[in-house]
Amino acid sequence: MRLVLRNLGFYLLAFWASLTLNFLLPRFMPGDPVSRMFAQAQGSMRPDQIAQLQKLFGLDHRPLWEQYLGYVKSVFTGDLGISISRFPTPVSDVIGSQIGWTLLLGITALITAAVLGNLLGIVAAWRRGGFLDSAFPPLLVFVGSFPYFWLAMGALYLFGVTLGWFPLRHAYDVGLTPGLNGEFLSNVVSHLFLPALTIVLVSVGGWMLGMRNSMIATNAEDYITMAEAKGLSPSRIMFRYAARNAMLPSVTNFGMALGFMVGGALLTEVVFAYPGIGYQLLNAVQGLDYPLMQGIFLTITAAVLLANFIVDLVHVRLDPRVRVR
Amino acid sequence: MTVTDAAVRPLAPPAGKKRSGRPGLGRRLLRNKKALSGAVLLAVFAALALLAPVLEPGDPSLINSTGGAAPSGAHWLGTTAKGQDVLALTLWGARSSLLVGATVGLAATAVALLIGLASAYFGRIVDDVLSLVTNIFLLIPGLPLLVILAAFLPPGTTTVVVVLVITGWAGSARVLRAQAKSIRGKDFVAASVVTGERPLRIMFREILPNMASVVMTTLLGCVIFGIGAQAGLEFLGLGDASVVSWGTNLYWAGNDGALMTGAWWAFVPSGLCIALVAFALAMVNYAVDEITNPRLRDRRSRKHKEA
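Respectively, the protein sequence lines represent chains A and B. Once you know that position 31 of the first sequence is 30 in numbering that gives the first Met the number 0, the rest is easy, because the numbers rise by one and skip nothing. Once you know that position 135 of the second sequence is 134 in numbering that gives the first Met the number 0, the rest is easy, because the numbers rise by one and skip nothing.
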């Protein structure tokens, strides 16, 4: 339990750090990007909205500590300011309406990549020197060295534009009304397939190599020899004895992998015009929408930290050694 | 340990002599197939980048033909939707991409090295604080952090480099700290502490030479990160769109709708170049790992004998 509490404190500290960074950036950056933004948005805003944004960016000449306390308070009450590019929607509403698609894409891709990569790793380590062990890793490393978004562009071009197998953009067809019916769901899946595929392709190699190396170490343990000597079936030894124990590093990797996945998912969304927060981030960048950029940064950070905390809890559940310490 | 070390401390066992039977890291790398192919690939790209003004003289972003033409004799890689020659853009792009990648790699490794060494040498509170900072940087998702940093700083190549160094050093610092820490515990370091050597000297002359291979692999990893992340940033439009690099090439290809018009030649070359450079660096990296980590090598050769 001490580990969980210690890590929880650590995550809170990390969140505080990103919150403070968010507070300081618009106030101390050279070139005054914020006034650029105001100049652009001047015509379309009401005076009270401008005043609220000025408060958010520290242009209201209050002492710094007072601004800071106010900022922290507004973040914890869910007030992240007003989006400029989608004026006058509050930032929290913009993020709230889009985060579902990002979660759908991210979680689908993450779970597929983790399961597939771990399975491949298990089999590769079990048959050392076999086809899976010798041909796959270099291939996956090569695929993994492409930038996420470029692979997405390639997949979109090949399967979307040229072959026409999959839709080119958005999360579902324009004419469709969202609902829990077969037509809508299958439409969503066909839109999800290519973006998820590219993320899986890039990230599966890392999972596979990690699991393979951890399996190789586990396979050398005495209890595996013992299990073999007892005459247990190979698949039982492979999954119930070796893989189960080799799995732990993969579980801890899960939290770390999440941060990378988020980055990849954001860029993939941009290529496919998938209506998640990554696509929104691009709009925010192009429209100099600083409140939205900051809101997205904070939301993603909070989500990644939360996921790491959950991984910690799972880890404690899986590994009795952690509980004893 | 280097030759100068042996000269400074004549009482120490002649470490230089013991080593002379074994070829140096550089030569053993050249004998390794992976490393050699990676190095050759890198050299080709570096040469192309250096020779860009000779091979494709003039401003690469000059509009000098009809837009959206497929590869032909006049334009080997076709032209962009605007009418720029893709081959020229790709060659000139290599300059910015490789330069930024190398700069980011060197700078991020230097920061990571300083933090890792200080952490390992001083231990206690210094170690706690530095590890905490490192872990926080590791935990905050990289791309969103990159985006807000790059958005608030004035656009330009310097910004891209600074931002990438800020987000890229943490992973390496953790690896380097772990390695330095294990060396810090060795007797010869304790001996030099007792003889009263200065901390900086111990860090850089005693500990650092003994972890050269790890520094090398983190350096290569940082360069890979730098090239890929620069392309990502520029693809989002956060770089300087007037600079020609592989990332901005892809940005313009996306903006001009190269995908929808079927102009594959506008986005394939730059992406392929990024991937090939990253792959070449990764190959060298694996080779360094294989050569310098006896455990990895032993296990492999042992398994080969068994099979």
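Hints are computed from structural coordinates only; laboratory data are not their basis. Glycine included, every Cβ here is placed at the ideal spot set by N, Cα and C. Certain hints may be false.
Said to hold, decoys possible - Reference listing, derived: stretches of chain B covered by chain A, where coverage requires no fewer than 3 residues with Cβ under 8 Å from a Cβ of chain A:
| no. | stretch |
| --- | --- |
| 1 | 48-57 |
| 2 | 97-110 |
| 3 | 133-139 |
| 4 | 251-259 |
| 5 | 277-284 |
As the list claims (entries may be wrong) - Partial selection, computed: residues in chain B whose CB lies under 8 Å from chain A:
| no. | residue |
| --- | --- |
| 6 | Leu113 |
| 7 | Phe121 |
| 8 | Ile124 |
| 9 | Val128 |
| 10 | Pro143 |
| 11 | Val146 |
| 12 | Gly236 |
| 13 | Ala240 |
| 14 | Phe266 |
| 15 | Gly270 |
| 16 | Ile273 |
Results of checking the hints against the structure:
By the rule of at least three residues with a Cβ nearer than 8 Å to a Cβ of chain A, the coverage given for the stretch 48-57 of chain B is violated, with 0 such residues. For the stretch 97-110 of chain B, the stated coverage by chain A is violated: 0 residues have a C-beta nearer than 8 Å to a C-beta of that chain, whereas at least 3 were required. Only residues whose beta carbon comes within less than 8 Å of a beta carbon in chain A count, and the stretch 133-139 of chain B has 5; three or more means the coverage holds. Closer than 8 Å: that is the beta-carbon criterion, and the stretch 251-259 of chain B has 4 residues meeting it against chain A, so the requirement of 3 holds.
Counting residues of the stretch 277-284 of chain B whose beta carbon lies closer than 8 Å to any beta carbon of chain A gives 3, which reaches the threshold of three, so the coverage claim holds. Taking 8 Å as the C-beta contact cut-off toward chain A, the hint placing B/Leu113 at the interface is violated, the least distance being around 20 Å. Given the 8 Å rule on beta carbons, the hint for B/Phe121 is violated: about 21 Å separates it from the nearest Cβ of chain A. Checking B/Ile124 against chain A by beta carbon gives a least distance of about 16 Å; that is not within 8 Å, so the hint is violated.
The restraint placing B/Val128 at the interface with chain A is violated, with a minimum CB-CB distance near 12 Å, outside the 8 Å limit. For B/Pro143, the interface hint holds, since its Cβ comes within 8 Å of a Cβ in chain A; the closest pair sits about 4 Å apart. Interface hint at B/Val146: satisfied, since its Cβ lies 6 Å from the closest Cβ of chain A, which is below the 8 Å cut-off. Taking 8 Å as the C-beta contact cut-off toward chain A, the hint placing B/Gly236 at the interface holds, the least distance being around 6 Å.
Hint status for B/Ala240 relative to chain A: violated, with the closest Cβ pair at about 11 Å, above 8 Å. Interface hint at B/Phe266: satisfied, since its Cβ lies 5 Å from the closest Cβ of chain A, which is below the 8 Å cut-off. Hint on B/Gly270 holds. Least Cβ distance to chain A is approximately 3 Å, under the 8 Å limit. At its closest, the beta carbon of B/Ile273 sits 6 Å from a beta carbon of chain A; the interface hint therefore holds under the 8 Å criterion.
Violated hints, in rising order: 1, 2, 6, 7, 8, 9 and 13; the structure is consistent with all others.
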